[in-house]
Structure formats: structure tokens, C-alpha cells
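Starting from the known structure of chain Y, fit chain F onto it as the hints suggest.
Read top to bottom, the protein sequences are chains Y and F.
Under numbering that gives the first Met the number 0, the letters of the first sequence match residues 0 to 547, in that order.
Under numbering that gives the first Met the number 0, the letters of the second sequence match residues 0 to 547, in that order.
FYI, nobody ran anything at the bench for these hints, they're computed from the structure.
Careful, some of the hints might be misleading.
[What the hints assert, rightly or not] In silico SDA-like pairs for lysine to any residue, Cα to Cα no more than 20 Å straight-line: (1) Lys-393/F / Gly-174/Y; (2) Lys-65/F / Gly-174/F; (3) Lys-393/F / His-24/Y; (4) Lys-3/F / Pro-66/Y; (5) Lys-3/F / Gly-175/Y; (6) Lys-3/F / Ala-61/Y; (7) Lys-371/Y / Gly-27/F; (8) Lys-3/F / Phe-176/Y; (9) Lys-393/Y / Glu-10/F; (10) Lys-3/Y / Gly-403/F; (11) Lys-179/F / Asp-177/Y; (12) Lys-152/F / Asp-37/F; (13) Lys-393/Y / His-24/F; (14) Lys-437/F / Gly-522/F; (15) Lys-3/Y / Gly-404/F; (16) Lys-3/F / Asp-177/Y; (17) Lys-349/Y / Gly-28/F; (18) Lys-3/Y / Lys-65/F; (19) Lys-371/Y / Gly-419/Y; (20) Lys-371/Y / Glu-10/F; (21) Lys-179/Y / Asp-5/F; (22) Lys-393/Y / Asp-5/F; (23) Lys-179/Y / Glu-10/F; (24) Lys-393/F / Phe-176/Y; (25) Lys-371/Y / His-24/F; (26) Lys-3/Y / His-112/F; (27) Lys-441/Y / Ser-540/Y; (28) Lys-3/Y / Lys-179/F; (29) Lys-526/Y / Gln-105/Y; (30) Lys-537/Y / Asp-476/Y.
[To be verified] Ranges of calculated distance between the beta carbons of each label pair, as one might list FRET restraints: (31) Asp-374/F / Lys-293/Y: 53 to 59 Å; (32) Asp-411/Y / Asp-374/F: 55 to 61 Å; (33) Asn-291/Y / Gly-270/F: 42 to 48 Å; (34) Gly-270/F / Asp-425/Y: 20 to 26 Å; (35) Thr-297/F / Asp-5/Y: 39 to 45 Å.
Note that the structure is a prediction, hence the values are computed from the model and not measured.
For each residue, glycine too, the CB sits at the ideal point set by N, CA and C.
Number of protein chains: 2
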Amino acid sequence: MSKKMDGLMQEVELTVDRIIGHAAHWHGGREIISRDADGNVTRTDYASVHRNAKRVSNALCAAGIKPGDRIATMGWNSARHLAAWYGAAGMGAVLHTLNPRLFAEQISYIAKHGGSKLLIADPSTAELVGQLLEQIPAIEQVIFFCARENMPKTSFEAIAFDNWIGDQPAEYEWGGFDEKSACGLCYTSGTTGNPKGVLYSHRSNYIHALMTLQSDALALSSRDTVLLVVPMYHANAWGVVYSAPAVGAKLVLPGQRMDGESIYNLIEEEGVTYSAAVPTVWQMLLEYMQGNDKHFTTLERVTIGGSACPESIIRAFRDDYGVDVVQGWGMTETSPLGTVSVPNASVAAKSDNEQMAYKLKQGRLLCGLEMKLVDDEGNHLPHDGKTPGRLMIKGPTIARAYFGGEGGNVLDEDGFFDTGDVSTIDSEGYMQITDRAKDVVKSGGEWISSIEIENIAMGHDAVAIAAVVGVVHPKWDERPVLLCQLKSGGRADAADIREYLEGKIAKWWMPDDIIFVDEIPIGPTGKIDKLAIRAGLKGYSLPFEVTR
Amino acid sequence: MSKKMDGLMQEVELTVDRIIGHAAHWHGGREIISRDADGNVTRTDYASVHRNAKRVSNALCAAGIKPGDRIATMGWNSARHLAAWYGAAGMGAVLHTLNPRLFAEQISYIAKHGGSKLLIADPSTAELVGQLLEQIPAIEQVIFFCARENMPKTSFEAIAFDNWIGDQPAEYEWGGFDEKSACGLCYTSGTTGNPKGVLYSHRSNYIHALMTLQSDALALSSRDTVLLVVPMYHANAWGVVYSAPAVGAKLVLPGQRMDGESIYNLIEEEGVTYSAAVPTVWQMLLEYMQGNDKHFTTLERVTIGGSACPESIIRAFRDDYGVDVVQGWGMTETSPLGTVSVPNASVAAKSDNEQMAYKLKQGRLLCGLEMKLVDDEGNHLPHDGKTPGRLMIKGPTIARAYFGGEGGNVLDEDGFFDTGDVSTIDSEGYMQITDRAKDVVKSGGEWISSIEIENIAMGHDAVAIAAVVGVVHPKWDERPVLLCQLKSGGRADAADIREYLEGKIAKWWMPDDIIFVDEIPIGPTGKIDKLAIRAGLKGYSLPFEVTR
Numbered sequence: 000m001s002k003k004m005d006g007l008m009q010e011v012e013l014t015v016d017r018i019i020g021h022a023a024h025w026h027g028g029r030e031i032i033s034r035d036a037d038g039n040v041t042r043t044d045y046a047s048v049h050r051n052a053k054r055v056s057n058a059l060c061a062a063g064i065k066p067g068d069r070i071a072t073m074g075w076n077s078a079r080h081l082a083a084w085y086g087a088a089g090m091g092a093v094l095h096t097l098n099p100r101l102f103a104e105q106i107s108y109i110a111k112h113g114g115s116k117l118l119i120a121d122p123s124t125a126e127l128v129g130q131l132l133e134q135i136p137a138i139e140q141v142i143f144f145c146a147r148e149n150m151p152k153t154s155f156e157a158i159a160f161d162n163w164i165g166d167q168p169a170e171y172e173w174g175g176f177d178e179k180s181a182c183g184l185c186y187t188s189g190t191t192g193n194p195k196g197v198l199y200s201h202r203s204n205y206i207h208a209l210m211t212l213q214s215d216a217l218a219l220s221s222r223d224t225v226l227l228v229v230p231m232y233h234a235n236a237w238g239v240v241y242s243a244p245a246v247g248a249k250l251v252l253p254g255q256r257m258d259g260e261s262i263y264n265l266i267e268e269e270g271v272t273y274s275a276a277v278p279t280v281w282q283m284l285l286e287y288m289q290g291n292d293k294h295f296t297t298l299e300r301v302t303i304g305g306s307a308c309p310e311s312i313i314r315a316f317r318d319d320y321g322v323d324v325v326q327g328w329g330m331t332e333t334s335p336l337g338t339v340s341v342p343n344a345s346v347a348a349k350s351d352n353e354q355m356a357y358k359l360k361q362g363r364l365l366c367g368l369e370m371k372l373v374d375d376e377g378n379h380l381p382h383d384g385k386t387p388g389r390l391m392i393k394g395p396t397i398a399r400a401y402f403g404g405e406g407g408n409v410l411d412e413d414g415f416f417d418t419g420d421v422s423t424i425d426s427e428g429y430m431q432i433t434d435r436a437k438d439v440v441k442s443g444g445e446w447i448s449s450i451e452i453e454n455i456a457m458g459h460d461a462v463a464i465a466a467v468v469g470v471v472h473p474k475w476d477e478r479p480v481l482l483c484q485l486k487s488g489g490r491a492d493a494a495d496i497r498e499y500l501e502g503k504i505a506k507w508w509m510p511d512d513i514i515f516v517d518e519i520p521i522g523p524t525g526k527i528d529k530l531a532i533r534a535g536l537k538g539y540s541l542p543f544e545v546t547r
Numbered sequence: 000m001s002k003k004m005d006g007l008m009q010e011v012e013l014t015v016d017r018i019i020g021h022a023a024h025w026h027g028g029r030e031i032i033s034r035d036a037d038g039n040v041t042r043t044d045y046a047s048v049h050r051n052a053k054r055v056s057n058a059l060c061a062a063g064i065k066p067g068d069r070i071a072t073m074g075w076n077s078a079r080h081l082a083a084w085y086g087a088a089g090m091g092a093v094l095h096t097l098n099p100r101l102f103a104e105q106i107s108y109i110a111k112h113g114g115s116k117l118l119i120a121d122p123s124t125a126e127l128v129g130q131l132l133e134q135i136p137a138i139e140q141v142i143f144f145c146a147r148e149n150m151p152k153t154s155f156e157a158i159a160f161d162n163w164i165g166d167q168p169a170e171y172e173w174g175g176f177d178e179k180s181a182c183g184l185c186y187t188s189g190t191t192g193n194p195k196g197v198l199y200s201h202r203s204n205y206i207h208a209l210m211t212l213q214s215d216a217l218a219l220s221s222r223d224t225v226l227l228v229v230p231m232y233h234a235n236a237w238g239v240v241y242s243a244p245a246v247g248a249k250l251v252l253p254g255q256r257m258d259g260e261s262i263y264n265l266i267e268e269e270g271v272t273y274s275a276a277v278p279t280v281w282q283m284l285l286e287y288m289q290g291n292d293k294h295f296t297t298l299e300r301v302t303i304g305g306s307a308c309p310e311s312i313i314r315a316f317r318d319d320y321g322v323d324v325v326q327g328w329g330m331t332e333t334s335p336l337g338t339v340s341v342p343n344a345s346v347a348a349k350s351d352n353e354q355m356a357y358k359l360k361q362g363r364l365l366c367g368l369e370m371k372l373v374d375d376e377g378n379h380l381p382h383d384g385k386t387p388g389r390l391m392i393k394g395p396t397i398a399r400a401y402f403g404g405e406g407g408n409v410l411d412e413d414g415f416f417d418t419g420d421v422s423t424i425d426s427e428g429y430m431q432i433t434d435r436a437k438d439v440v441k442s443g444g445e446w447i448s449s450i451e452i453e454n455i456a457m458g459h460d461a462v463a464i465a466a467v468v469g470v471v472h473p474k475w476d477e478r479p480v481l482l483c484q485l486k487s488g489g490r491a492d493a494a495d496i497r498e499y500l501e502g503k504i505a506k507w508w509m510p511d512d513i514i515f516v517d518e519i520p521i522g523p524t525g526k527i528d529k530l531a532i533r534a535g536l537k538g539y540s541l542p543f544e545v546t547r
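Next comes chain Y alone, as it looks inside the complex (with noise of 0.2 Å):
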């Protein structure tokens, strides 16, 4: 009878280029403060950056590039960064992120596979920039993101961003493409297999600021001013790197420098109201303020994510300093937010302490996305709180597949994305994440958090590092066997620290073995190294048969 209709409304599509475009017009004095390694800071502002940005498009155009072009980047957050992002993604290219800060190996891998023939690195990356140079003959031109002066000796040939871009006009027409085009490229340092490529769309980057500007996420205003620790090559920045230029918020961009004297000042120089960061950063930024009895006098609140943030952080900010800490959750694949642990109307009614069992999840689901709790098998399980399952997560800024195909399907039949995550959902909906899928300890049907018996186990006095892994057991598929390394000068043996796990866990979550190390490996991105732990222990077999 009646056919399909379409909405009258108009066909613009979400690309990027628009965000910084509003920024422009109608924040264009709003400053970006950019901190280089020597501490000297920089100020410019969104309309110089668009500027900048619109000089970088033509520069990359001049050098061949083509829409759907790699261009990879290997920088701390700057306006420059900025400016090379824009001007990328504006024209159409994709701007793939390198970490500085991994392993350089893996830094090549992950160069080669993206597959740019242009990198823009921080002068201070030189030295890694030639070793890229001599494993990648792909790469065939570099720029250091500086001025001229400021250019590193090295025996290659580059060019100082500010004259690459210095004699391009600041015109340009951006977009003009489809928003499923791929906008950037970013690769999770995965602890299994080869590290593997995120496409972002325009459209998933445009729709992920959207969703994180709502008060229930970032609650990011044109009245904020945004310290963005968490850097540009992780995961945009949180997104950060659209949602302030959307909003038209001061960006304090802090370079290298994560002391927490250094982002201390910057906070109190810049009248920081917001920042988004990883537990550790803030952790030396509270020694620092409790060691040299500081104050802030700007600062609200803060997202932190990256891995759980302990309570210890949390409440001293809190009563402290009166800064709220907000807990965030996602990866690279998700773009990155997925939940965020703003109270709902239930939670806020509670006592402040009430409040902090949920400030310690890592909460609720950004409005776009679902999620599920699955077994092994797949079904659903049930949102008590207790019951732990694989976290699958879906929607229009939720990865479908890998740059490149690696890692073949990764969504289930109905199109979630297994996260790798293990995690509880309460009756609220807040989500809590309590190990990693391949972390878990599978014993007798049950799963173990091999990191709840972690955090414990670091409690005690003794303890500089805890690991937990699984090791096969004929009865009980695994049994969880515990490695210590003990704190210079501490002391303690099994019986000590099984003593003061008992009544911390369940009995059946008691460790079959204690084994105490001289170092436990930590990988790249400062996590323990479950992988070198197994292979450590290949051949090792449990001491005793367990009784349950």
C-alpha cells in the first residue's frame, strides 16, 4: 500500500571538520594552551588552530596525500597535534596515532601496519623516529612538530611543522565526504597477538562527542577549562579532542610533563575546572599536593579511567580538595566511553559513603549503547551485582572489525563486541569490571577475579606486587596460584599471606600455591605481564590436590 518514506530534514553529514569549524566561528578567542618538554608554554586559540589545520590539509594535499590516506602522528597533546589532526581528517585522510611511550618494535609493527608514508613526530621522538625510519622505507616524509629553532640534529631529512604548513594558504574546503568515512586509526598494545587497529568513522567520532557532552557523561561547558592528561593517541583523547572544540571550552594541552608538581601548576595557572586522566597521573598529583600542602582553587571534577581508580584517590580528592572524581569506562574499540559513574536519582539519595561502593564501578551506560553480561555459552546473566560474565557492548561508536581484517570476527551474532572484559551489572546499572576474560580463573564452573585477589593481597604490608594467574588442574579445570614480589625490606612467607587473605575472599577462592618472585614483569603500558607470568610457569605443576 504506502512505500517507505523518508524525513524531510537535511542531509549534512557528521564530519569532524564541523566541530572545529563551530569552534572557529563562534569560540574563535578561546584559548589552547600548549606546555613543550622545556616547560614553556604556548597560547593560541580554536580560530588560529582552524587556521592551522586548514594550512595542514593543503600541505598534505602538496606532499599527495589522498582521502583515505594514512598520516601517522607520534605526539603529547599540543595545539600543533591539534592543528595536524584537523587538517587530516578534514581533507578526508585518517589520522593514525602512534604511542611514543610503547616498546619500539611494537611502535614499528604498528607503523608498518597502518601504512602511512607521513609521520608528524615530537622533536624529543627523533631518536625512535630513525630506527622507524630504517625498519619502514614506506615512510617518506617527516616532520617534527616545531619551529625551525627548535628542530632536532638528525641524519635523516625533515621538516619543522611551522614551515611545512608556513607557506600554505588558510583556505581550504573540508568534507564534502560521507560520514562512514574513516576519520582516524588507533591500535590497542594487545596483550595477546599482534596489536590491532581501531578505523574511527566521522560519523562514530561525531556521535561519541555528542554522547559524552551530556551532564550524565563529561558535562563539558564553554565555561570549562579542559586539562587533557589522557593523550591524543589513546583512544582521541576520550573523545576530548572533539567534545571541548564542540563546546567551545578552554584546552590546557600539557605536553610530556605528568609530574604532579608539573600539572599541579598548570592547573592553578590556567584555572583548570575539568580534567580527564589515568589513576597514576592523579595519584603523583595528590603527593605532591599532601606533600607540599597545596590547594586548588579552580578545580571541579575529574574522569578517570584507563584502569579502576582506587578509593584512597577518590575520597582524599573528595574531602580533601573538594573535587569530585568520576570513574569512566571504555577502550580503544568503543571510542573510548562506555559507561561513566554518575550517580542516577537512587544513588545520589544516598549517604555520601552509600555513594561510594558505586564511585568505585565503573558505571552506567551512555544512552546509544547497549550491553550485556554473557557465559562462556553466550547466555545472559542476571544484573545482581555479584554475577560475573564477559561484557559485550554494541552500538554506533562500538568497533565492528579490525584495520585490515586482523582477529576475523569479533562481534556475536547479534552484533555485540566481546570487550575481553569480565564484569558485574547491579540492579542500578552500574557496571563493574573485576578482571580481564583471559585473567579470570575458571574453577569448577565458577569464575575467580584474579585481580579482586590482587588488590587484596597488595594490602598486605609486605607486598609490592601481587599477580594472580590460572593454572590448569585435572578436577577443577584451574586452580589460582598466587605470585608475590615482596616489598625492598618486607617480609613475609605462604602462611603469612594466606593468613591474611582468609576471610577476605572465598575459601574456594584461596590460591593453591604462593610463590614468591623477584620481580614480577610489567608490560609496556605499566600493567603486569600476565602472558610472561604463564610462560614462566610452563611445566610448573600444582603443589597440593584440592579439597572443596
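Here is chain F on its own, set in the frame of chain Y:
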């Protein structure tokens, strides 16, 4: 060389069924309060409305409704209306909202033009429905938003909504269609020509909801209790029909009663924190509170739109009741929100009194939209806060055409929609409506704001209503003429009014004639009917020649 490359993100269509699905899944128990015409309050929640919406989809299918078909509703804000809303959208039908407060012949024209075969109406509109049925034989079925026991007595066949959906299953597979599919139809009560229909898409409504959830727009959160005064038949109730469920806000739907006492009681009884309303309702609320020494215990903020909000209302709510009144601007064709008068950083730094000048403007543009001021030749005009120009707007939430092609091409060559408003934009980006384009008086190549003269004239003690229209003038093209309706007992002559205006407006803005009338004609939406005034002035000629 390289071909176009798409991102590898999930292809999830932005269809609005996802919004109520999210609310049901993650905020299922969050309350929805509906008040009927008798003042009775019924309580339900998102999970129930979601189930009922699925029943509506099944009932529509059973009635032979297919995707793309229009479904008419003529109802006040209620949970049943909300279920019909999402039930129609979820199955791909197009909800066509009729405004029961329009003249019967207008409703008839609009209903006929929309082409619905099925009408769901409030029982209070039964008589009107009877008239419509006589004029529109295409309407095959009538349902009333009520239970069987509240059915109105009618000479035509009709079903109670609760019975209509009662036996239907609460399962229905929603979505599965393109996000550009039509989702809703809403007519503008055109002051020239026939009403014209805006055909929203799922995509435009979804993006609009995300845009308006920002801190710098409506800033709704899961902790809010929203009193939705603005009707669902007015441009998606400013999108709150989508944005409130998206975050799981408690929703209070006031039905038909808009008097100050009823609104006040609802706010206090339900703990309302936020409302969206037109100035007249807020004026009535203010008068009630002032007359009865009332105060708010929970209300924090209100978005006012539809027409400019008088300073007295903004000041009274801020200073006497601690409620922040924020103006918004938009129209049916803009989904509707285009600008919101939320302070940016530089305005926020000003004194309360200085900020008031910005609160009186219609505000700053939402990111995602483009806005420009042009003269009659389409040339860009400066953002100096004083040069008035035609306001043009562009973006994914803006109409590109009217339903059925009415009005022809409504976009300029750059794709901007002509709002028909005349406005200024200041250096901070704040837009202020100064007139409707058809009402502005074009005199000697300059534009005189009819609204500004009217507002000043209405400040005169004796003046009840003032209206300014342009009258053809041989030398200046047009000159302003002021019509005054005096208050009962008010006394003033033309010389008094002229003296009152002197010094308050530019000399060349002084009306060439001041005419006293018993009654200035008011249109069905409560605005001065300038068409009728112009018709009444046919044959009128200016009393004297002006020299400048």
C-alpha cells in the same frame, strides 16, 4: 592511488526506538506521572510505557498500518500519548501530532493534509473529533486516550486506548529501517498561506536529543524530574520526549491544566527540578506564587521558549525563587532547538546585572548547526549585536522541505533554511530575535523592528497591547504605524504615546501615525494577528509626510 576508505565502526541506525528501549532497560522503574483533566494523577514508569508502546505497534499492525503511514494524535502530554508516540515510531509509522487548540478549520486542513487513517485523541476533544470525521472521510478509526470507563459519549464509533492495546502482546521487533525514515510530522501554524508540515526523521530526532542533552543546552540528567509543560504537539515538546528517556529522568506530564496553582502543586508534589515552558504559563505561575506567598523546594531551572521571555519573569524567578530561567530559540522546522542562552566563559565572568543583557537574548548556537545573518540580497551581515538581518540556519536537525512539497524550495544556494526571523548576533555569538521578517518595517533601506517599538509602547501605563505594522510610503518604501489598545480605564492620546517613545527609540523609528483601537486582533496561537491588522488598514494612507 588510494581509494575511499570507510571506518570500521558498527552500523547502528539512529532510530528513536533505541531511546525508549534504553530507558526501559536501564531506568525501567523511573516514574512517569500523568495528570488528567480531572486532576487525577496516574503513575507508571519507562518499562511499562515501553511495553505499552510495543502493544501499540501490534495494534497498529492489526489495523493495517504500514511503515510510512501517518498516525494522527490529538492529545495533551500523558503516558498514553508517549506510548502511542514510540509505538508508532518503533514500527516505522509516522506520528502526526495535531494541536487541539487551533481553530477547527485549521486542524481539519492539517489532519486532511497529513493523510492519517487513524486518529488517537484525548477524550476532551471528542466534539472536535466528530467535526473532523465529517470533513475527513479518510479517517477510518478513532481511539481515545483513556480507559473504557472514561470514554466520551459520541455519535461515532471509537475505542478506548486501554482496550485497543489491552490484548496485544508486549513484544515487537522494532527498528530495522534506515535512520532517514520519517518519524514524526508536525505542522507550523503558518501566518501566511496554509499550515505546512515538517517531516522529522529518526535521525534528526535522535541527533537533536543528543545535541540538547549537553550541559550548554537543556542539561538533563538521570537525577532530574522534568515537568513537561510544553506540549508534545509542539515540535516534539522541544525534543524532551526523547531527551528525558535518554537519560532516565523522571517525567511529569501535566495534561491540560496550565493554571498557576495546578502547575505549582505538581512541581512541589513531584519534586520537579526542571521544566520547559512558554512565557505565558510561567507568568501565570509567577502570579500565583506572588499572590499566595509560595516558594519552591526543588525547582532549579527552566528553559523558556516560544516567544521572548520578559525580563521581569527572569528576574523574579532568579531573585525571589532561586530558579535559573534560560531562554531557548527554535521553531518547528528546527526540531526545534537552535540556540540556548546559556552563559559562555566570558559572559559568566560578568556581574549578574551585565549577564541579564545576555539572558534576554535567545542565545548561542548548538554545535552541529550553522547560522548566518544576511540582508535581502543574501550578503553576510556582521555579528555586532546591532545589525539586524534575516536569520538563516543549517544542520542535520533542520528541515529541507515541507511535507508534500508545499512552499517549494525553502533553502538558499548554500543549503541554509530561512527562518523568517530577523535577528542580531553579538560578538559573543548571542542571537537575539528582533522581528519576524514579514513584520519588519523597511524604511529607507534600513530595518525598523516592529517588536521593539511594541515592547516599549507597552511599557506605557495606559497601553494594554501595541502593534506596529509597516505602511507603504512613496519615498521611504515603508513607514511604521502604531496601533494601541488601551487598558480598561487607561487614558492616553497620540501625543502622550509619542512623547513616551521619544528618546527610547531612534528618531527615524518614530511611528508616522498612532491609531487607537478597541481591540487588537489576536491569532489562535495567542500572537498579534498582523495579517488581520494589515487587512484592516487596507485603503489607509499616511497622515503626513516625514522629513528626515
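Review point. Which numbered hints turn out to be false for this structure?
Key: Checked against the structure, no hint fails, so every one of them is satisfied.
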